[in-house]
Every structure is written in C-alpha cells, then in structure tokens.
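There are 2 protein chains.
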Amino acid sequence: MEIVCLDMEGTLTPEVWERVAANTGIKELGKTTRDIPDYGELMEMRIKIMSENGIKLSNVQDAAASLELLPGALSFVNKLREKFQVVILSDTFHDVAKPLMKKLGYPFLLCHNLKVIDDEIVSYEFRHPQAKKQAIESFKSLGYRCFAAGDSHNDIQMFEVADKGFFINAPLKISSKHPEIESYDNYNDLEKAIYSNSIFVQT
Amino acid sequence: MEIVCLDMEGTLTPEVWERVAANTGIKELGKTTRDIPDYGELMEMRIKIMSENGIKLSNVQDAAASLELLPGALSFVNKLREKFQVVILSDTFHDVAKPLMKKLGYPFLLCHNLKVIDDEIVSYEFRHPQAKKQAIESFKSLGYRCFAAGDSHNDIQMFEVADKGFFINAPLKISSKHPEIESYDNYNDLEKAIYSNSIFVQT
Chain A
1 MEIVCLDMEG TLTPEVWERV AANTGIKELG KTTRDIPDYG ELMEMRIKIM SENGIKLSNV
61 QDAAASLELL PGALSFVNKL REKFQVVILS DTFHDVAKPL MKKLGYPFLL CHNLKVIDDE
121 IVSYEFRHPQ AKKQAIESFK SLGYRCFAAG DSHNDIQMFE VADKGFFINA PLKISSKHPE
181 IESYDNYNDL EKAIYSNSIF VQT
Chain B
1 MEIVCLDMEG TLTPEVWERV AANTGIKELG KTTRDIPDYG ELMEMRIKIM SENGIKLSNV
61 QDAAASLELL PGALSFVNKL REKFQVVILS DTFHDVAKPL MKKLGYPFLL CHNLKVIDDE
121 IVSYEFRHPQ AKKQAIESFK SLGYRCFAAG DSHNDIQMFE VADKGFFINA PLKISSKHPE
181 IESYDNYNDL EKAIYSNSIF VQT
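Residue numbers (this note's numbering), protein chains in the order written: chain A, 1 to 203; chain B, 1 to 203.
Source of the hints: derived by calculation from the structure; they are not laboratory data.
Hints are supplied without guarantee of correctness; some may be wrong.
Which copy is meant is left open, so a pair is good if it fits within one copy or across any two.
[Unchecked claim] Keeping only pairs whose Cα atoms sit at most 16 angstroms apart, straight-line, the calculated EDC-like set for lysine to aspartate or glutamate is:
#: 1; residue 1: 98; residue 2: 82
#: 2; residue 1: 48; residue 2: 182
#: 3; residue 1: 140; residue 2: 191
#: 4; residue 1: 102; residue 2: 82
The structure displayed is predicted, hence computed values, not measured ones.
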C-alpha cells in the first residue's frame, strides 16, 4: 500500500486568496507561494492587509466556500482513494480549507492552524517550517511508500523526500527550474504516472 | 485541529474473521485479538488453517464485502470528519479492509500488508510490532493532539500515547482490566466524550 500526498490549492482547487483578492478588490491579497516563495513573509503581509482593511476570517471562509474544485479533481481523488491512501498536504489552514474538504469528501488533511479572536485572524501557527516534508518523512517511517504531487515552490520539499514526485498544473517558471521532476497538466496523465510508478497497483 | 484514531473491527465494523468462520464452518478462524491477544500467534494460526483447508484471500475478501458497518458507524464517522481529521488505525490488512473502507467513504487507513501468491495468503507483514501506537506517536510529532477509540487488547497501545483514549463496544473482560479508560457502548456517548475533551471543537 502506498500513500499519495496531494497539495490542495493550485493542485485540486483554485487559490483561495485569489478569490479573497477578487472579492475585496485588494490585489496584494491574491499573491501566493507562486509569487512569494517565503510563506511566512506571505502570511505576515496578508494579516497586515486584513487588519488594515477590516477583513475577517469569515470573509476568507466565504471565499473558500464559493470556489468550485478544479474540473476533474473530485473524480481524480476518488479514483486514487480506491487504490491508495490519500493525504492532502497543504500550507493552508484547517479553518480555511474546510468547505473545500467537504467538496472533496473529507480526505485526510494535514495543514496549519490560525489563531483567531472574534473572527479576526491575529496570527498563524505553522506546524513545522517544512510541514509537507515532515509529514512524508513520517509516513515513510511508518513503512509506506509515498507519492507527491503539487504545483508550486512549497511542494519541492515533498519531492525531495517522496519516493516519486510530480508537478501538476505548475507554471513553467517553477517547473522549468526542476527538470528532474515530471510535469503534467492534466489529472489523467498524472494518474497514469502514479500507477506506473506503483509497486502495488496493477495498471 | 485534532486527529481521531479509530480501530476498525469491533469498533466500526463486525469482525471479518468471525464471518469467515461462519462461511467456512471452521470455528477456530473466528478467534480475534479479544481471544488471542498476541496478534502474530493469531495470524500464524489463521494462515495454517487456511492452507490446510484451501481457503483463499478471495474468501476473506468476500466475507468482508458481505458485512454491513455496525449500526450508526457511518453517521458517527461522517460527523467526526466534519470537525476532526479521522484515521482508521487497524491491525487488519489493506486487501481485506478495502470493501469496508468503501462503505465508510474511504477514510484514511493505516494497517498491515499481506503477501499473496495466486490468491493464497502465504504470509503477512506487520508494519511495526505496535503499529497503532507508532502511528499516534507520529501524528503527535507532527503537532496534532490525538484521540483514540477501540474495543480490544490491541487498542491499549493507542490509549498509552493518545491525549485521550476511549473504549467503545469493549467486552467487560477487557475494559475492566483498564478502569482508567472511559468505556462507552454507543457512538453518541463516545462522540460527546470526544467533544468534551477537544480543545478546538465547541460543543
């Protein structure tokens, strides 16, 4: 049995903060780890802007709830769950991801926690500076082979420790820096690549 | 965010091997960790009897597929998945558990692997001598609080390391040996106990 570790935003869902930016008209809030690879720096900026503009957790949750999964994502995840154990490894926050996890049928999610007072995001707590990498190392220590797929800078840490990593929907400016990582732009090809690298699943 | 770790057989589903025993008429195959706490000893016995009687993996899978979840189990798991991350920590095998995981909506499952040749179970591979304990220790090292619930001897290892453990549907002969562990005989009471021990979920 093998575990497939999937990033969430950009991989299975649109970027939540891009919707927040569209809803609020504050362009800066739409930046992601594709633009600012240092996630701590990105979150500090977001919290500062939210505080200055009275934007609350519920606004972010409403943005997440209004998003549809990327086309084909649900079918992709459902097919994987029949043959592998699936984990969503995301740098989002549990409070933000919840409506999207509901749409995905509540797969197992590991991500970060927000500190919230009266609906205001006052700070955030990263589980670990490289939480995605740490999770895969843990699953490997439990005796599982791990696949990983993601689209952005913060997914490289997964590829470093997974038995096999894949880009999916990654911008060329990111994937071209890592020619050693196979890169796909649709779920069918990614699914086939995972199968062909599995030592348990018959294609 | 907290992780709820649930045993499978006896906790959410009937005992698969009891159905195998009923289907084959071989009473010895119905023994579980409730009867023989040493799981290696139990599996050696099962494999020997299966070999002697021509019983195959597919017979065990058919038995598992014919089982219904325990009454209320699906609703219990679905409600938990809305508020916690849920993991099934079982001493079953991925090949055996699959039809039951399908009925539960494919929650994340960590268990063991069988070695199978031409539909014959030739041996088994435990991930770890105390795989349930090891998994909870890993989740704690990832920064999560963990609850655990189960019904039998092999669940005690979870209770030793979980932030809080509970018996559910446990025989008195097992639960009475561990009066320090709260013991429940229905999902509603267990759910309330989990909520009341959560530091994140509002009841």
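Structure-based check of each hint:
1. 98 to 82: Cα proximity of residue 98 and residue 82: across copies only (8 angstroms, versus 22 angstroms in one copy).
2. 48 to 182: neither (37 angstroms within a copy, 45 angstroms between copies)
3. 140 to 191: neither (21 angstroms within a copy, 31 angstroms between copies)
4. 102 to 82: between (18 angstroms within a copy, 8 angstroms between copies)
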